[in-house]
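Here are the chains, one letter per residue:
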Amino acid sequence: MNIIIPTLIMSALGIVFGIGLAVASKAFGVEADGRIALVREALPGANCAACGYTGCDGYAEAVVSGEAKPNKCSVGGPDCAARIAAIMGVEAGAMERMVARVRCAGTAGACKTKYDYQGIEDCAAAKLMHDGPSACSYGCAGFGSCAKACNFGAIYMEDGVARVIASKCTACGMCVAACPKRLIALEPADANFTVCCANRDKGMYVRRSCTAGCIGCMRCAKACLVQAITVTDSLASIDMGKCRRCGECMKVCPQKCIRYFDCALTR
Amino acid sequence: MVRDLFIIVLSTILVNNFVLSRFLGICPFLGVSKKLDTALGMSGAVVFVMTAASAVTWLLNRFLLVPYGLDAYLQTLLFILVIAALVQFIEIVMKKFMPPLYNALGIYLPLITTNCAVLGVALLNMDYQYDLARSTVFGFAGGLSFTLALILFAGVRERLELCDIPDCLNGLPITLISAGLVSLSFFGFQGLFN
Chain U
1 MNIIIPTLIM SALGIVFGIG LAVASKAFGV EADGRIALVR EALPGANCAA
51 CGYTGCDGYA EAVVSGEAKP NKCSVGGPDC AARIAAIMGV EAGAMERMVA
101 RVRCAGTAGA CKTKYDYQGI EDCAAAKLMH DGPSACSYGC AGFGSCAKAC
151 NFGAIYMEDG VARVIASKCT ACGMCVAACP KRLIALEPAD ANFTVCCANR
201 DKGMYVRRSC TAGCIGCMRC AKACLVQAIT VTDSLASIDM GKCRRCGECM
251 KVCPQKCIRY FDCALTR
Chain L
268 MVRDLFIIVL STILVNNFVL SRFLGICPFL GVSKKLDTAL GMSGAVVFVM
318 TAASAVTWLL NRFLLVPYGL DAYLQTLLFI LVIAALVQFI EIVMKKFMPP
368 LYNALGIYLP LITTNCAVLG VALLNMDYQY DLARSTVFGF AGGLSFTLAL
418 ILFAGVRERL ELCDIPDCLN GLPITLISAG LVSLSFFGFQ GLFN
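These protein sequence lines map, in sequence, to chains U and L.
Numbering follows this note's numbering, with no gaps: position 22 of the first sequence is 22.
Numbering follows this note's numbering, with no gaps: position 11 of the second sequence is 278.
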């Protein structure tokens, strides 16, 4: 008897719980749309939230409920959009390939330093100390917070400035959020020319701190054949809608801060 | 009675903290303490399950095991079964009736079916021979003590991220060392109640 009662109790409880759970899952079960799992599988699973949802699961749900379009995943790219569109039976919609660009050319050789920083190895922490150790308060702090934030290994540090490997960049925007200086921007991949500077000081002050900074000399604006370049706060910016990619601006820039980026790099 | 419950709550959270003094639930303590928001989600789930498990296991023990004199050795086995089934049931019900709460706790609920802190609180209730009210309060306080430990440690780890740690200690080693230090600090509460 000593062994029968406990065995009976345990098996009875097991059966009761089993039936109870089965009944509960039938009674309270939520009908999940099978397409959610399919869409979720078509997504790359980086959970980067570049689409504006909490992660790949959230985006998959939003797509199936018709709330989001299938072309919001910049990591998956056009292939992923096409797969999701096929599952949902809708048009994928055009998708522009974007890449992250760092708007600073102030490498260790070009940009002077203000002081010797020995604190926490983090850009935001360095920024708290008089806008970081580099002489230019707008420029790259060089501690690689963006590189740490990148899930795809697309950013590396070179001479104290972050560099983006365009072929690996998925335009998820993690680095844009991570940069305390707001130096990184997502640009269309076919925008070959970028002003690699964010300094809004007058030319004289820029020259004192950095030899690669935009001094607002207007030469690029004058050289541009289609008036795509405007200079505000002594900082040039290129309107990519107007730009014809001729490269005249790059040739005349005395500071060499307008840079060419090869857009032929594929994934 | 009220004074008694108050002492149970305070002593469970500070003196006999489930994670830092009893060393129960170390796995989620190290696993989900990397970020404060995941730590909060996990803690919420643990508070919920520990409170529910304490009450249910007490009832089962009192009305099923004690009458047959089985409470000496069948407790562990039965409690594991009960807790696993209970968590599953709560998850199903929650998904249906409380979708926001389910989304907040969702992925953490199945993780704690076999959490030793939950089993620990059920077994400790029996050891201390608490009544139903005390058991439930003890379970709730146990969950709170887990929450406190997890939040404190998530803060420590978020700071560790920014530190320049020697390569040989980076990652889990420094995490274990700092967990030891946090635990050591909690031993300072020893003797708060006697």
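Please note: incorrect hints may appear among the correct ones.
Calculated cross-link-like contacts (lysine-lysine; reagent style DSSO-like; alpha-carbon spacing at most 27 Å) [claimed, not checked]:
#  : chain 1 : residue 1 : chain 2 : residue 2
1  : U       : K127      : L       : K301
2  : U       : K112      : U       : K127
3  : U       : K202      : U       : K114
4  : U       : K251      : U       : K112
5  : U       : K256      : U       : K222
6  : U       : K222      : U       : K251
7  : L       : K362      : U       : K26
8  : U       : K251      : U       : K202
9  : U       : K202      : U       : K127
10 : U       : K242      : U       : K256
11 : U       : K148      : L       : K301
12 : U       : K256      : U       : K202
13 : U       : K114      : U       : K168
14 : U       : K26       : L       : K302
15 : U       : K127      : L       : K302
16 : U       : K256      : U       : K127
17 : U       : K114      : U       : K242
18 : L       : K302      : U       : K148
Chain L stretches covered by chain U per the calculated footprint, using a threshold of three residues with CB under 8 Å from any CB of chain U [what the hints assert, rightly or not]:
#  : stretch
19 : 282-295
20 : 307-316
21 : 344-351
22 : 354-367
These are calculated hints, taken from the structure and not from any lab test.
For each residue, glycine too, the CB sits at the ideal point set by N, CA and C.
- Task: Please work out if K362 (chain L) and K26 (chain U) have their alpha carbons no farther apart than 27 Å.
- Result: Within the cut-off at roughly 13 Å; holds.
- Hey, K256 (chain U) versus K222 (chain U), does the alpha-carbon distance stay inside 27 Å? Between K256 (chain U) and K222 (chain U) the Cα gap is close to 16 Å, so the pair holds against 27 Å.
- Mind taking a look at whether chain U covers the stretch 307-316 of chain L? Criterion is 3 or more residues with CB to CB distance under 8 Å. With 0 residues closer than 8 Å to chain U, the stretch 307-316 of chain L misses the three-residue bar; violated.
- Task: Assess, step by step, whether the Cα of K202 (chain U) is no farther than 27 Å from the Cα of K127 (chain U), and give holds or violated.
- Result: Within the cut-off at roughly 21 Å; holds.
- Task: Mind checking the alpha carbons of K112 (chain U) and K127 (chain U) for me, to see if they're no more than 27 Å apart?
- Result: Holds, at roughly 16 Å.
- Given the hinted pair K302 (chain L) and K148 (chain U), is their alpha-carbon gap at most 27 Å? Judged against 27 Å, a Cα distance of about 16 Å means the pair holds.
- Query: Given the hint that K114 (chain U) pairs with K168 (chain U), does the C-alpha gap stay at or below 27 Å?
  - Reply: violated (33 Å)
- Message: Next pair to validate is K251 (chain U) with K202 (chain U); report whether the Cα-Cα distance is within 27 Å.
- Response: Judged against 27 Å, a Cα distance of about 22 Å means the pair holds.
- Given hint K242 (chain U) paired with K114 (chain U) - CA-CA distance at most 27 Å: Answer violated: K114 (chain U) to K242 (chain U) is near 38 Å, above 27 Å.
- 8 Å C-beta criterion, at least three residues: is the stretch 354-367 of chain L covered by chain U: Held - the stretch 354-367 of chain L has 7 residues with a Cβ nearer than 8 Å to chain U, which meets the minimum of three.
- Is the straight-line distance between the alpha-carbon of K148 (chain U) and that of K301 (chain L) 27 Å or less? holds (15 Å)
- Message: With the threshold set at 27 Å, check whether the alpha-carbon distance from K26 (chain U) to K302 (chain L) stays at or below it.
- Response: Distance ~36 Å between K26 (chain U) and K302 (chain L) Cα, so the pair is violated.
In this structure, the earlier hints numbered 13, 14, 17, 19, 20 are contradicted, and the remaining ones agree with it.
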